[in-house]
Amino acid sequence: MDTDLVTRAQGGDQEAFADLVYAVADRFLAVSHRILSDIGLAEDATQQALLSIWQDLPQLRDPARFEAWSYRLLVRACYAEGRKSRRWAPHMRLLSGDDPIVVDGTGAVVDRDQLERAFRRLSLNHRTVVVLHHYLDLPLERVADIVGAPRGTVGSRLHYATRQLRSALIADARPTAREVAR
Amino acid sequence: MTDFHASDRDVNRVIQAWLDEDRHEDASRLAGAVLDQVEALPQRRATWWRVRRTPTMNRFLSVGAAAAVIVLVLLAGSRLFGSPANIGGPGVEPTATQEATQTPEPSAAEPSVDPEGLLPEGPHLLTDGRLPITVTIPAPDWYGEPGGAILAKNDSAGTGSAAMIVFFSDLYVYGDPCQWSTTRPDTPATTVDEVMTALSAQASRDASEPVDVTLDGYAGKAITLHVPDDADFSACDRATFGSWGLPGADQTPFRYHQDPGQIDEVWVLDVDGELAIIDWAYYEGTPQAVVDELREIVESITFETP
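Listed in order, the protein sequences are those of chains A and B.
For the first sequence, counting from 1, position 163 maps to 251 in the numbering used here; every step adds exactly one.
For the second sequence, counting from 1, position 104 maps to 109 in the numbering used here; every step adds exactly one.
Any given hint could turn out to be false.
To be verified - Not everything, but these chain A residues come out facing chain B in the computed CB check (under 8 Å): (1) TYR110; (2) PHE116; (3) ARG122.
Treat the hints as calculated values from the structure; they're not laboratory data.
All C-beta atoms, glycine included, are put in the ideal place defined by N, C-alpha and C.
I would like the entire structure built from these sequences, with the hints used as guidance.
What follows is the structure in structure tokens.
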């Protein structure tokens, strides 16, 4: 991010802030959509995060840290939106790690609905870590910085989420009794 | 398709592929809506002092370089600046989890505070729970955090605002507020004279001559600091113009300034062998009445020593 742009926006330059908004809005919406799994909530979270950025920019002392700082605000907004909804179902069944899952040779998702369902069953904390790490490709140290948790905690969350997703994929990939009977 | 025994790497590949799928988000409408609101939405100004939550210690037991800072904050601009948990500063940025705040024990000297932080006129207790300081609020519209952490006035006025802080600590006075990261002294100033000498000698600013002051029977000195009107913060270390830091691992400025032209009246007192720092700050544009009120608050300070 252009630190000069950030500095100008910190000083109340609305044109500079507009440039910032257009530079980050698409990515923000994509991230929040993936964390929240709901485009309506994601739009609300993104909007709130962008407004918070404007309001709190003077408190950012190091413009070079804008990216991590702004993602913190986005994550905070996602948490706030997430708390408003009651769509989370944190409990799911764990299966053996030896069961096969099915993907095609290129790694594309065979059944995105399976993954979508499994992802929705994760807690917001776990989703956030998964999205920041796998979608934004951020190392765990930076994820920890953004979510405000120790590196070890973030690693544990990612491990747990991966295990849960894997188990869910396996469970969803198994034929139901009715399918077997056919 | 292939069946395989999934390793974490396989699952990661599946997750990444799924996350990377185009979900056809379009934020242009959102961006427009945000920018429409910005015009009427004031920015929150940075706090005037970095807030620390180091463990406090009995001030009468020990004073030293590692002495815990007893933070008693009086500052203008509370509504604008937000609560201490949200106060920013060098290295102080928002976290996704809310930090717990200390809540001092209520006291008879502490008047009730309205939900928005408006303080009633009269006596007000500033304390970290063990070291009470009483001030008198002389006029309406001063804001403060329940528990005495913050006082504020004219926070939405930008360069019309005023602020004040009181705390006990030795100070690392930077040789140059603009180049603070490389001009931090090896040892802190531990006496009134050492603090005054260091502040007087600071580069990048023109400090006044220190003068003697007495407050609540305690002797000390006062100095007026001024951030040059043409100061370019962006050319300073981490874009921060900082006057001093505190003992501890965090070497970023505790007192960092918000704008060129800012004026700080710094009183340093020897209170039973400890340095009491009173920093009250304002701008050329701050109404004289507000500055007068601030001075009244400062002069009303009483240290509740045992």
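Do the hints match the structure? See the list:
no.: 1; hint: TYR110; in the structure: 6 Å, holds
no.: 2; hint: PHE116; in the structure: 7 Å, holds
no.: 3; hint: ARG122; in the structure: 6 Å, holds
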